[in-house]
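Student: Sequences and hints are given; from them, build the entire structure.
8 protein chains.
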Amino acid sequence: MNKPYVKLDKNNAAVLLVDHQAGLLSLVRDIDPDRFNNNVLALADATRYFKLPTILTTSFEDGPNGPLMPELTEMFPDAPYIARPGQINAWDNEDFVKAVKATGKKQLIIAGVVTEVCVAFPALAAIEEGFEVFVVTDASGTFNELTRNSAWDRMSAAGVQLMTWFGLACELHRDWRNDVEGLGTLFANHIPDYKNLMTSYFTLKGDH
Amino acid sequence: MNKPYVKLDKNNAAVLLVDHQAGLLSLVRDIDPDRFNNNVLALADATRYFKLPTILTTSFEDGPNGPLMPELTEMFPDAPYIARPGQINAWDNEDFVKAVKATGKKQLIIAGVVTEVCVAFPALAAIEEGFEVFVVTDASGTFNELTRNSAWDRMSAAGVQLMTWFGLACELHRDWRNDVEGLGTLFANHIPDYKNLMTSYFTLKGDH
Amino acid sequence: MNKPYVKLDKNNAAVLLVDHQAGLLSLVRDIDPDRFNNNVLALADATRYFKLPTILTTSFEDGPNGPLMPELTEMFPDAPYIARPGQINAWDNEDFVKAVKATGKKQLIIAGVVTEVCVAFPALAAIEEGFEVFVVTDASGTFNELTRNSAWDRMSAAGVQLMTWFGLACELHRDWRNDVEGLGTLFANHIPDYKNLMTSYFTLKGDH
Amino acid sequence: MNKPYVKLDKNNAAVLLVDHQAGLLSLVRDIDPDRFNNNVLALADATRYFKLPTILTTSFEDGPNGPLMPELTEMFPDAPYIARPGQINAWDNEDFVKAVKATGKKQLIIAGVVTEVCVAFPALAAIEEGFEVFVVTDASGTFNELTRNSAWDRMSAAGVQLMTWFGLACELHRDWRNDVEGLGTLFANHIPDYKNLMTSYFTLKGDH
Amino acid sequence: MNKPYVKLDKNNAAVLLVDHQAGLLSLVRDIDPDRFNNNVLALADATRYFKLPTILTTSFEDGPNGPLMPELTEMFPDAPYIARPGQINAWDNEDFVKAVKATGKKQLIIAGVVTEVCVAFPALAAIEEGFEVFVVTDASGTFNELTRNSAWDRMSAAGVQLMTWFGLACELHRDWRNDVEGLGTLFANHIPDYKNLMTSYFTLKGDH
Amino acid sequence: MNKPYVKLDKNNAAVLLVDHQAGLLSLVRDIDPDRFNNNVLALADATRYFKLPTILTTSFEDGPNGPLMPELTEMFPDAPYIARPGQINAWDNEDFVKAVKATGKKQLIIAGVVTEVCVAFPALAAIEEGFEVFVVTDASGTFNELTRNSAWDRMSAAGVQLMTWFGLACELHRDWRNDVEGLGTLFANHIPDYKNLMTSYFTLKGDH
Amino acid sequence: MNKPYVKLDKNNAAVLLVDHQAGLLSLVRDIDPDRFNNNVLALADATRYFKLPTILTTSFEDGPNGPLMPELTEMFPDAPYIARPGQINAWDNEDFVKAVKATGKKQLIIAGVVTEVCVAFPALAAIEEGFEVFVVTDASGTFNELTRNSAWDRMSAAGVQLMTWFGLACELHRDWRNDVEGLGTLFANHIPDYKNLMTSYFTLKGDH
Amino acid sequence: MNKPYVKLDKNNAAVLLVDHQAGLLSLVRDIDPDRFNNNVLALADATRYFKLPTILTTSFEDGPNGPLMPELTEMFPDAPYIARPGQINAWDNEDFVKAVKATGKKQLIIAGVVTEVCVAFPALAAIEEGFEVFVVTDASGTFNELTRNSAWDRMSAAGVQLMTWFGLACELHRDWRNDVEGLGTLFANHIPDYKNLMTSYFTLKGDH
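Residue numbers (the UniProt record's numbering), protein chains in the order written: chain D, 1 to 208; chain W, 1 to 208; chain Z, 1 to 208; chain X, 1 to 208; chain A, 1 to 208; chain E, 1 to 208; chain H, 1 to 208; chain V, 1 to 208.
If you're looking for bench data, these hints aren't it; they were derived computationally from the structure. The model shown is predicted, which means the values in this text are computed figures rather than measured ones. Every residue, glycine too, gets a C-beta built ideally from N, C-alpha and C. This list has only true hints and no planted wrong ones.
Reference excerpt, derived from the structure (chain A facing chain H, CB under 7 Å, subset only):
hint, residue
1, L162
2, W176
3, D193
Capping the alpha-carbon separation at 30 Å, the derived lysine-lysine pairs in DSSO-like fashion look like this:
hint, chain 1, residue 1, chain 2, residue 2
4, E, K7, D, K7
5, H, K10, H, K101
6, D, K101, W, K10
7, Z, K3, W, K101
8, X, K105, X, K51
9, V, K7, X, K7
10, E, K106, D, K7
Tutor: Shown next as structure tokens:
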């Protein structure tokens, strides 16, 4: 009766970044902005590091919702970019679904703003179509903890696996020996405590 | 084994507003009063905007529980209004259930005060009779977080979908193009951050 | 796949108060002492009000754990009282289980200190034997929120229904008309906000 | 050595609303947006109710900081409006100081965004010039509690009196009998709990 | 430059209970209702225990603010009771000030609802007239922590000493030997943790 | 449909302590360091007390992650110690799995740093292979509450039982009479409140 | 007008530990018990390390308040120990004041339970007699944050300097070179994060 | 009696960065690491932007405290760098004081780790020598809020002005027109919400 252990597989996963737009970001108040900004960029960095196919999408980006975070556009210049003309659920947009299916991947990693809409809706729809869905909870934001908890409950009940960017990177990487320096750099760039460990360590090692 | 994705459908949903009474509202301490008041009115506005059949009910309104929030009476002058003579669970009141069934809708959206009683009891009863039940968590209030979490756990385990008024409005609307201005106005009236985005946007656009 | 709606029935329910002992109470830090004390007494009052068979039990009451709260001994002078000689799980004590079964009730309402042990252990054991188990979360206390949340997760997954004393009283009572004054008094004695509503109401009514 | 009791006097007080601009408001995270929005409008309403001279000012309103909250422009159509071309401290702007002095008032009530800059700077400068300064803490917002507490400490040490909009309205009004209905309406419009009290009260009175 | 140590003296202190009214109590949200209710009653009990002259006052008790908490009326049947016809600051009411002065005491202990108005205003006024003022912070309530902190800052800067009911009782009593049982009973009735200590202690002692 | 009650059995349980390394511990910020340190040592003490087979493992201990907490090495000098050369999930390390299986136990008790990786990954893998898995939540730490909650949700959905070290000790011990002094000492050493109870109790008893 | 910088001087300071009794400790709820227990022991360790004259005192230790923490009795076997027969303020006890004065020190370091009484009363009294008073805030505990903040405000206004045990140790030590190992050990024993730094450091250094 | 308004003056201010070392940073738990890291770098950026003389200092950097954050060394290659051989209070180090005095500035801006020691000690000492001291509260960190609040109270009482990096930058800059782009860039790089405002603004402007 338990959910089986479906492990993230870097050869079978795609990343969907939904509506991280400059205007909508001002609605995010369940995570502090310094931390949230860092989490989103960390997920983006991890995505690039693992060379996962990525799809960007926005909602009404010419209106008050504002343009996509410029870092994302810059980091994924060749990713399919679907500026949705109106569909709130990205999964209701044919181009988006086509792009998702074109990746040929069965595992979908989703993050976005706001959690209970832009993340939950496509997550629920994708599960219904047989995808394995992983929501990156700390790179998804919403109005407050109450709304977040409601969204998590709905998604979890539907079979979504709730992950964080760090857990995701670790599950994709599997073994440090695949690339110690690469993973270490990813962590140092987005986890100040980890960077401090590395600073102290390499300073001491360098003494010799 | 997962809950299937049951989407809100504006053609198949009714709204039950349970015991938002002036006296009982003083018991609500899990959500700040400014926010809670706004959430209830936002749900009411959304209900009217989507023209969903609505049922109002109160418990002992002539006693200390007090009258219904006057805004609700004014906004839904033609809604069935069941002043329950004593039943704590609205679903134990025949007139209420009749009114619900008379809507012909299969999806019930429920909000009320207090969450673990006035919301949870009819929600659990309605599921038992085959309805699809969506509780609007941020327009439902109770004594504190501990009581809220207990109520959520019981409802979620029974199959209730936990929604917020914003998620509900988005899932009902589906596509901005159905009415950009209407939905935008609904959001601006109840989300100060969204209003600010619109203010800045339209001011800038008007410059040209 | 949802849990069915098992409603509390005052003709079919017994209350188990487990280890509310003067020493152990100093371990409870997930609920403020004024509130927790009030919740336990409210549950006791409700239990008496609904004339539910009640069983008291303690763990090592002659040692540091200390004697039962004297209010409980006074309120239930005729209740079976099992001072366990060592069993941590009350359900491992034959006399306790016998006393439970002697009530002939199928629904067990459990509260105690600390939640993850004195409450969770008998709750899990009782479910295994086919009882319907309702844990009164706000009359059960433990070290901190983290331990509480772990305990809730384990109990909920096993089929326990998480209730609060107020929800319990409402579900047992069903209809105010069964006894308006009795229920009102119960609430006024344990919910200051409700007492205030009644004070204002009856003062105003008395003006005329 | 104590600060003397300097009471607000409606005949001797002016209100300075500093930089409540649509863009800057997205920086305010020490108070929830529903509550903050309400507090600012409550202060504005109180200001109008007591007919206090009011001065509006903005910082770079044509840039990312955005336009003033439209409600403020509408509520104070005749107030001096100083769109500062660059001065961060409004008190560094000659027109602003002239407008302040033109009111002929000795008591300055200040609120704005963000607290440690747009509020604290003119507050500190005004005290230096001999004004009595009252900062409306709940209508002033900033990044987080740490920054707020730093700002309060600096202002309080300099002699600022920290008020809230409700305390301010009460100190200005002095006696309900000056206008029961007016003050009651002001409170009902901005304090949901107070509105509930009035709803219950007048409903009951109307019964007879 | 420090405030001198002004100690409470039971022969020279009077207690002012300001506006603990059933309606106004619903505005108090900076302290949980179970705790706040207990604190107010504890202060009242301490006041009676030390036989301090006490003055009760209310604001508009026939309107939405509601009647005084009935426990207070019952506990102080002979205390001067000033139902203010409109003055928000009790000190603006001549009868109140007369009653205060008639006590002949120099130290005033003040508690009330809400802190920044009903407590702070008379506290500031009394200091100005040369009284030594002690505010009982935990028997005074207001909208939220921000408003409380503003009020504390203003009062402390003006020379008010911030006390709690427990500190007050201890400073008035000076020495347990003046009456061990009396003080012990006062504490046991209002501090559940202290009652537990006493229960364990006397049970053990009684064993022998 | 409920999870069956799988009870910890001291004859059938092994303990896996994963990556409690001096460097990694600086990443733990969801539990205060004094409490977390105490919890880990309490779990280690309980493990020794019940003579459970124990396996220690570390990740890259020669790098920034740092060496294992020295207390653990000292307390379990004969335990299998697997310094993983790179596998992030300990279960991907053959030696580790061999050591686990060599214990011949079916129940695995897991704690580690960080929760969503070093704990969750082997927990999920072990369940898949038919083990009964108990995670000690308060001896496992991670970046913040959001990441913890995500990890708990994923593990609980997969069938993990969430325990605390105190609940674990109680469920393993079953009956105080098996060794009153031993269990009492374990609790006194790691629960200050319990030690206080014992101090008061034995002091009083010693008086006679 | 500022408080002058009065630095702790290990040749001129004495430590007063007031009422850290097993019963009273159950009242402390503003600091988690693991942390509070650690802080008190850290202060005691620091006191011994700097060989400061120390005075122990208790209130009614034969009653429910319970005996002094046994660690303190053991650590300071030769310290004056004043079991007060009834005085709540230790400064009202002649023997206590005599013992204080017998130390010949001008600086008094005070910690105790509860903050607003057992700490604040002697602190205020000592200042009045010309001592320089330093309260160790994190080794002093009370009912909740509100009572703590009230006590801090009263003490700070009277001239008390608020310190923590770590700040105190650093100000007394002045220069690491006076004894690197001693101070390092003190910190490692009471600051898990610091111990981790040392573990990593010495492990790495030992590699060579 | 109020503190006079001492304004930061970019021609008369120097910055002291004290002990932001990789090891010590793991002790900082009163501010989340993402935010704290950002605040320190923001202060450093602002320091460079305003070309303020800067002094770096460390405590025992070859031991467990670890090396200075490498960003700081890189950003201030020419700043005096005092690696203190043992003095805990940087002001006890002659070279440090000499370097401070060599700047010829009267205003000292101090930030460091941990607040109650590395920041408070030199701050208090500098005030005693007649400097005007501004502590950057959000670029200074410590163990928890209790220790922070103690440190703030001591520093504020001694005359320190508590600032944040944002307030500091604004007070130094005075007028946007001095360099709109420079200040805007500084803010955008360290305040995600501000960056979002700029992104939206410039995107819209660029549309035309």
